[in-house]
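Chemist: In case you want the letters, here they are:
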Amino acid sequence: MSRNLLELQNITKSYDGQLILDDLTLDIHENSFVTFLGPSGCGKTTTLRIIGGFEKPDKGRVLFDGKDITNLPANKRQLNTVFQKYALFPHMSIEDNIAFGLRIKNKTDAYIKDKIKYALKLVNLDGFEKRSIDSLSGGQQQRIAIARAIVNEPRLLLLDEPLGALDLKLRQEMQYELIRLKNELGITFIYVTHDQEEALTMSDYVVVMNQGYIQQAGSPEQIYNEPENAFVADFIGDSNIVPGIMVEDYHVRIFGADFKCVDAGFGNNKPVDVVIRPEDLEIIDDDDPRAILHGEMTHIIFKGEIYEMECTTPDGFEWLIHSTELHEPGKKVGLYVKPSNIQVMNKPESEDEEALGVEE
Amino acid sequence: MEKLKSALSNCYLSLIVLFMYAPIATLVVLSFNSGRSRAQWSGFTTDWYVAMWADETIMAALRNTVIIAFLSAFVATVLGTLAAIAINNMKPVSKNIIMSITNVPMLNADIVTGISLMLCFIAFRISLGFHTILMAHITFNLPYVILSVMPKVRQASKETYEAALDLGATPFQAFLTVVLPELMPGVTSGFMLAFTMSLDDFIITHFTRGAGIDTISTLVYSQVRKGISPTMYALSTVIFLTVFIVLMIGNYAPEWAKKRKRTV
Ligand SMILES: Nc1ncnc2c1ncn2[C@@H]1O[C@H](COP(=O)(O)OP(=O)(O)OP(=O)(O)O)[C@@H](O)[C@H]1O
Ligand SMILES: [Mg+2]
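Taken in order, these protein sequences are the chains called A and B. Following this note's numbering, the numbering of the first sequence begins with 1 at its first residue and continues without gaps. Following this note's numbering, the numbering of the second sequence begins with 1 at its first residue and continues without gaps.
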């Protein structure tokens, strides 16, 4: 495991008496691509501003390379930011915007010229050197903001929803470019997004936040396959989240039906939440002996690669199912789930934890 | 009908312009009149302008006026810009209080401002002269600068300043390279306004000048009492033109700059 480039220790921050970040602790490894994922207003930008030096935490420390930088001014930190609102300099040409950081560092003109060219090529805007900022579209401005930050080759790059204004195709291209850039330059990325797909495809490490808490941090696979609570499960893609009873180890009961699972250690007869991903529900014949649940197909949407269907069980729950096979509404079917595809989670116990959960 | 309407409105406009500029036009015409009479045209001459150039008291007054206008506008612009930034960073309540406090002197009658400044100088045993005029002008110019810079400060984004810091600029560098250019239109119009306000002030200068120093306005005033010479018409014409040109630049310079930027 590589060493920590950045450490956030017990960061707490409130605005006007309202708690925005609550005791946030996080290590960021050198050369990793870390994504902060969470709904609007959960404190992602605030966290970046604390790392960037624009905001002081009320409590806690920020360590960079092992050194405490909590009180170091922003201009002395070895990192650069791509701001959510671009923050380009409107009275300067694109060229001057990109050169700004390099000129401050007294680089030679030849070096600066080279860098500008390289950066513009990278963001697909060759030849835009002399254009003015207000002649650019939102997406183009966003890419200039990226170019302006990366020419400085910081050790840590903070990106606050940097692809938000781009269309899908350009977005995917830029995602690819950013990853390539990260590998090429050996820059550590902290990337903010509220797009879960973007988070899962790009990152080595995903930090799911809600209301100032870290809900779960881990690899994209861990976050997707083993969500620790209902919020994470719900936020990361579609899923069926149902209440259940952990009868004993490897045995969970949902709506009176008994499922085998691979989870253990919850105790006996404990209430739990169970997540089943829509692609993990298998539709089989109603009289198939493997069927654990029985229901009736009620709804169907064609989604391109798959059909998104709903199956209603007698208890009234509508199960979301993704499959390439079509099952017409009205058909009686059986449902089966592999034990390894059942994810059992602790129910929130205290009221405090409850507050983190999903509001339905 | 429509035609009549537009003819009437044009007529009205012309009348207004005529009334506003007729006195000044008279002055300009008389400044080229070779006779001393105010009622009779006796031929074209530029003698009065020549005489004006040659008159040491007039030239000294002119120098004083311009130097005071320039210095007071400059100092007021620097102080006013910094003040506007500071005020904008205050909490809303103190911001409102400070803004009303700075606005009051503008509404105050000049004569009150003039007399109170004079009393203040005397109370602090500051002898009246060039420096007291300068201080007085800086004082009454300040609110005008603050008022014209304030909207720009409010518009200026905190984000670009932070972006400059992020790219390694010190707060001072960030201010010079990023914040100031954004404020510049407000700063120049503040400077122009202050410059013209200072240029044509009479009352406050009158009370704060002390003996032995004159600006154009105080000089004209004392000459009028002795019986006015046509050199004064020439001088007034020059002053009018100067103010007119400065105001034009102040009003149109930002637009010219914008146009030039667009074509580049
Ligand atoms: N300067 C401030 N003063 C008061 N409240 C603030 C300030 N900055 C942020 N907040 C509040 O802090 C909370 C978190 O804001 P933040 O900008 O970090 O959210 P975010 O996760 O970046 O959201 P988004 O995805 O919409 O950008 C919000 O409720 C916001 O209103
Ligand atoms: Mg944000």
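No lab work stands behind these hints, which were simulated from the structure alone. Check before you lean on any hint, since a few could be wrong.
Non-contacting residues of chain B with respect to chain A, defined by C-beta distances greater than 12 Å in every case (computed) [unchecked claim]:
| id | residue |
| --- | --- |
| 1 | Ser9 |
| 2 | Ser42 |
| 3 | Ala51 |
| 4 | Tyr161 |
| 5 | Pro171 |
| 6 | Gln173 |
| 7 | Val178 |
| 8 | Ile203 |
| 9 | Ser217 |
| 10 | Glu255 |
Keeping only pairs whose Cα atoms sit at most 27 Å apart, straight-line, the calculated DSSO-like set for lysine-lysine is [stated by the list, open to error]:
| id | chain 1 | residue 1 | chain 2 | residue 2 |
| --- | --- | --- | --- | --- |
| 11 | B | Lys95 | A | Lys130 |
| 12 | A | Lys85 | B | Lys3 |
| 13 | A | Lys169 | A | Lys182 |
Counterexamples of contact, computed for chain A against chain B with all Cβ distances above 10 Å [said to hold, decoys possible]:
| id | residue |
| --- | --- |
| 14 | Pro39 |
| 15 | Asn75 |
| 16 | Asn80 |
| 17 | His91 |
| 18 | Ile104 |
| 19 | Lys105 |
| 20 | Asn152 |
| 21 | Glu173 |
| 22 | Ser219 |
| 23 | Glu228 |
| 24 | Asp258 |
| 25 | His294 |
| 26 | Glu308 |
| 27 | Glu318 |
| 28 | His322 |
Ideal Cβ positions, reconstructed from N, Cα and C, are used throughout, including at glycine.
Chemist: Each hint needs a verdict: does it hold in this structure or not?
Modeler: Hint-by-hint comparison with the structure:
The non-interface label for B:Ser9 is consistent with chain A: the shortest C-beta to C-beta separation is roughly 37 Å, beyond 12 Å. For B:Ser42, the non-interface assignment is confirmed: its Cβ lies about 56 Å from the closest Cβ of chain A, beyond the 12 Å cut-off. No Cβ of chain A approaches the Cβ of B:Ala51 within 12 Å, the least distance being about 48 Å, so the stated non-interface status holds. With 12 Å as the threshold on Cβ separation, the claim that B:Tyr161 sits away from chain A is violated: the shortest Cβ distance comes to roughly 9 Å.
For B:Pro171, the requirement that its beta carbon stay farther than 12 Å from each beta carbon of chain A is not met, with the minimum near 8 Å. Look at B:Gln173: its CB is around 7 Å from the nearest CB on chain A, not clear of 12 Å, so calling it non-interface is violated. The claim that B:Val178 is not at the interface with chain A is violated, since a C-beta of that chain comes within 12 Å of its own (minimum 6 Å). The claim that B:Ile203 lies off the interface holds: its Cβ sits roughly 40 Å from the closest Cβ of chain A, which is beyond the 12 Å cut-off.
Against the 12 Å criterion, B:Ser217 stays outside the reach of chain A, whose nearest CB is about 38 Å from its own CB. Under the 12 Å C-beta cut-off, the non-interface status given to B:Glu255 relative to chain A holds; the minimum distance is some 16 Å. This hinted pair does not check out: B:Lys95 and A:Lys130 have alpha carbons roughly 40 Å apart, beyond 27 Å. A C-alpha spacing of about 52 Å is found between A:Lys85 and B:Lys3, which places the hinted pair above 27 Å, so the restraint is violated.
Restraint check for A:Lys169 and A:Lys182: the C-alpha separation of about 20 Å stays at or below 27 Å, so the hint holds. No Cβ of chain B comes within 10 Å of the Cβ of A:Pro39; the nearest lies about 23 Å off, and the non-interface call holds. Taking the minimum C-beta to C-beta distance to chain B, about 5 Å, the non-interface status of A:Asn75 is violated against the 10 Å cut. Distance check on A:Asn80: its Cβ comes as close as 6 Å (rounded) to a Cβ of chain B, failing to clear the 10 Å threshold; non-interface status is violated.
For A:His91, the non-interface assignment is contradicted: its Cβ lies about 4 Å from the closest Cβ of chain B, within the 10 Å cut-off. Listed as a non-interface residue, A:Ile104 fails to keep its Cβ farther than 10 Å from every Cβ of chain B; the least gap is roughly 4 Å. Once the 10 Å rule is applied to beta carbons, A:Lys105 is inconsistent with being away from chain B; the minimum gap is 6 Å. Separation of A:Asn152 from chain B is inadequate, the least Cβ-Cβ distance of about 7 Å not exceeding the 10 Å criterion.
Chain B leaves A:Glu173 outside its interface by the beta-carbon criterion, the shortest separation being 25 Å against a cut-off of 10 Å. Distance check for A:Ser219 against chain B: the nearest CB is about 30 Å away, which clears 10 Å, and the non-interface claim stands. A cut-off of 10 Å between C-beta atoms confirms that A:Glu228 is not in contact with chain B; the least separation is 34 Å. The claim that A:Asp258 lies off the interface holds: its Cβ sits roughly 57 Å from the closest Cβ of chain B, which is beyond the 10 Å cut-off.
Listed as a non-interface residue, A:His294 keeps its Cβ farther than 10 Å from every Cβ of chain B; the least gap is roughly 58 Å. Every beta carbon of chain B lies more than 10 Å from that of A:Glu308, the smallest distance being close to 41 Å; the non-interface claim holds. Residue-level check passed: A:Glu318 sits 45 Å from the nearest beta carbon of chain B, beyond 10 Å. Against the 10 Å criterion, A:His322 stays outside the reach of chain B, whose nearest CB is about 42 Å from its own CB.
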